[in-house]
Amino acid sequence: MTIPSDFYPNQSGGEEIFHGLRVAVTGGTSGLGLALVRELLSRGARVAFVARTRERVERVARENGGAHGVVGDVSSKEDIYPVALQVVGELGGLDVLVNNASDLGPVPLAMLSDTECEDLERAFATNVLGPFRLTKALMGALAASAREGRGAAVLNISSDAAFNPYPGWGAYGASKAALHHLSRIWGEEHAADGVRFLSLDPGDMDTPMHAAAVPDADPATLKRPEQAARELADAIAAALPRRTAPAVTPTAAQSYEGANL
Amino acid sequence: MIAAQQPVQRPPDARLLVVNAGRHIDHAPRASFARYLRPGDLVVANDAATLPASLAGHHAETGAAVEVRLAGRTSLRPEDVGRFSAVVFGAGDYRTRTEDRPAPPPLAAGDRLVLGPLGATIEQLLGHPRLVSLRFEGSPDEVWNGLARHGRPIQYAHVPAPLALWDVWTRIAGPPAAFEPPSAGFALDWRVLAEMRGRGAEFATITHAAGISSTGDEELDRLLPFDEPYRIPEATARAVRRAKSNGGRVVAVGTSVVRALEHAAAGDGLVRAGEGIATQRLGPSSRLRVVDAILSGTHEPGTSHYDLLRAFLDDATLRRATAELDARGYRTHEFGDSVLIERVRTGS
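Going line by line, the protein sequences match chains W and C. By the numbering used here, the letter at position 87 of the first sequence is numbered 87, and the numbering carries on one by one without gaps. By the numbering used here, the letter at position 215 of the second sequence is numbered 215, and the numbering carries on one by one without gaps.
If you're looking for bench data, these hints aren't it; they were derived computationally from the structure. A hint or two may mislead.
[Unchecked claim] If you only want the chain C side, here are some residues facing chain W, beta carbon under 7 Å, derived:
no., residue
1, Pro39
2, Pro78
3, Glu137
4, Gly138
5, Asp141
6, Trp144
7, Pro160
8, Pro162
9, Leu165
10, Ile172
11, Pro175
12, Pro176
13, Thr205
14, Pro233
15, Tyr306
Glycine is no exception: its CB is placed at the ideal position from the N, C-alpha and C atoms.
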């Protein structure tokens with residue numbers, strides 16, 4: 001399932017929305033996350049990205065001037081607050097959180113009854129508990145941004161596997177289904193705080209994760225992560241209030257966007 | 001009062017002593033705080049997240065073990081994370097009461113401190129052998145990274161278990177700016193904020209770099225609170241004006257909010273948005289121009305926090321409230337119970 005390239009209306013003033021926007025992206029050193037870091041930077045956002053490997057974080061920070069690299073593992077409870085501290089400290093606040101870091105579960109893919117418990121636990125730790133903890137730790141900063149009229153949004157990267165029972169995708173699909181449902185409930189609970197929740201499927205992309213899942217896929221049939229990053233950035237812009245409008249106290253807004261685009 | 005020893009922000013049995021504008025004293029579960037609000041009231045809290053401001057390490061010149069407690073900063077800008085004022089202790093940690101902590105080795109300008117992955121140079125002594133200004137080496141990102149990896153929340157001997165950041169960040173914690181938790185905000189969670197909204201009360205925040213509450217040194221403690229930078233968002237300044245013009249009350253969550261709002265209104269009584277540095281000490285002779293009520297922890301007489309409460313009501317009523325807190329076994333310190341005190345309206 002892919003997002004039609006003309007799905008998102010062009011945002012007039014979209015670039016203005018990104019100017020100075022403070023965004024955090026998890027899993028920011030490869031695949032979709034790296035493409036998002038670059039796309040957001042190119043639109044004028046201030047970006048902090050999180051990834052596990054210090055060398056890769058430092059390299060991506062070096063190659064993408066201005067990006068703030070944070071070393072941390074979102075699946076580790078102990079890492080969450082130190083990550084949140086650095087993200088909000090370095091950016092001076094937070095307007096948008098993108099929970100992108102994901103774990104595929106068993107590689108190669110396995111039927112659920114062949115899936116090791118540890119592989120399922122790791123998928124849920126990365127895809128569900130990590131976003132849960134990080135969003136909770138950063139909710140204060142996000143709500144502060146909303147109160148100040150800047151708007152605030154959390155984008156959770158979903159998948160068509162969250163909705164369709166693809167054999168072999170049990171750990172990944174079930175964890176993404178859980179994340180999607182978290183997004184919906186968060187959206188209901190924080191609508192009045194002015195924090196929007198998006199749960200979006202970027203489509204099948206030519207990324208290291210997809211190569212691990214489907215090694216023999218023809219990359220030519222897959223979406224470029226750069227294309228998905230452009231579409232997701234447009235979706236973020238659409239979820240935020242126009243900067244030109246006078247800042248107002250946030251009111252209950254439609255807080256949840258359908259994932260099944 | 002009894003020291004609260006467990007690092008639980010919202011124990012189910014947390015209590016609230018309420019003193020209303022008519023000097024009447026009431027007791028309630030703290031979870032029912034929102035019931036004391038009226039439509040049009042504005043609740044203002046400090047959204048500062050708490051820095052891991054306790055840094056263990058050693059003094060390079062002598063090799064002596066030290067604990068550095070970051071205590072002040074001149075600005076809240078994220079890139080201004082290089083310079084701090086700090087209180088330096090000798091060997092040991094929070095498990096020894098601060099007043100029993102050994103002094104650090106003699107410190108001098110130019111001395112170097114090695115604090116885990118962080119290196120810092122003492123710029124100058126600030127009028128006391130244990131109070132220094134220091135500058136961290138490295139870029140702002142490297143300093144944030146060093147603090148995140150090595151720093152621990154400042155804590156005191158009355159809480160035996162080591163604190164993690166999740167113990168000290170309030171639910172509304174945003175910019176990491178506080179040196180100790182703005183603990184009055186422990187009373188708030190998202191459910192309470194929703195209840196406040198349901199009662200027609202507004203919620204706004206300031207960011208205030210709440211400083212350290214005790215140094216273990218009488219001479220230094222007399223200087224508390226140190227100057228504290230704060231930032232008032234435009235939306236908060238507008239909300240204060242709105243509440244004031246609608247006859248709503250401004251309810252400050254914590255002493256740091258009172259300091260910031262009153263400092264920002266020191267000119268003509270109007271709260272202006274922007275950054276400032278709260279330098280004033282509030283006490284019995286202070287005239288509050290903005291804040292009508294305070295939700296705060298319970299405070300012992302003789303502390304700067306207690307003195308600030310004296311700006312809200314007369315000493316006799318405050319003594320009566322303190323006696324009630326003692327008689328009923330209220331818990332004190334950052335994880336303790338709370339008071340809600342409305343400013344006594346004189347002449348009405």
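Taking the hints in turn, this is what the structure says about them:
{"no.": "1", "hint": "Pro39", "result": "15 Å, violated"}
{"no.": "2", "hint": "Pro78", "result": "4 Å, holds"}
{"no.": "3", "hint": "Glu137", "result": "17 Å, violated"}
{"no.": "4", "hint": "Gly138", "result": "13 Å, violated"}
{"no.": "5", "hint": "Asp141", "result": "6 Å, holds"}
{"no.": "6", "hint": "Trp144", "result": "4 Å, holds"}
{"no.": "7", "hint": "Pro160", "result": "20 Å, violated"}
{"no.": "8", "hint": "Pro162", "result": "13 Å, violated"}
{"no.": "9", "hint": "Leu165", "result": "4 Å, holds"}
{"no.": "10", "hint": "Ile172", "result": "4 Å, holds"}
{"no.": "11", "hint": "Pro175", "result": "6 Å, holds"}
{"no.": "12", "hint": "Pro176", "result": "5 Å, holds"}
{"no.": "13", "hint": "Thr205", "result": "6 Å, holds"}
{"no.": "14", "hint": "Pro233", "result": "5 Å, holds"}
{"no.": "15", "hint": "Tyr306", "result": "28 Å, violated"}
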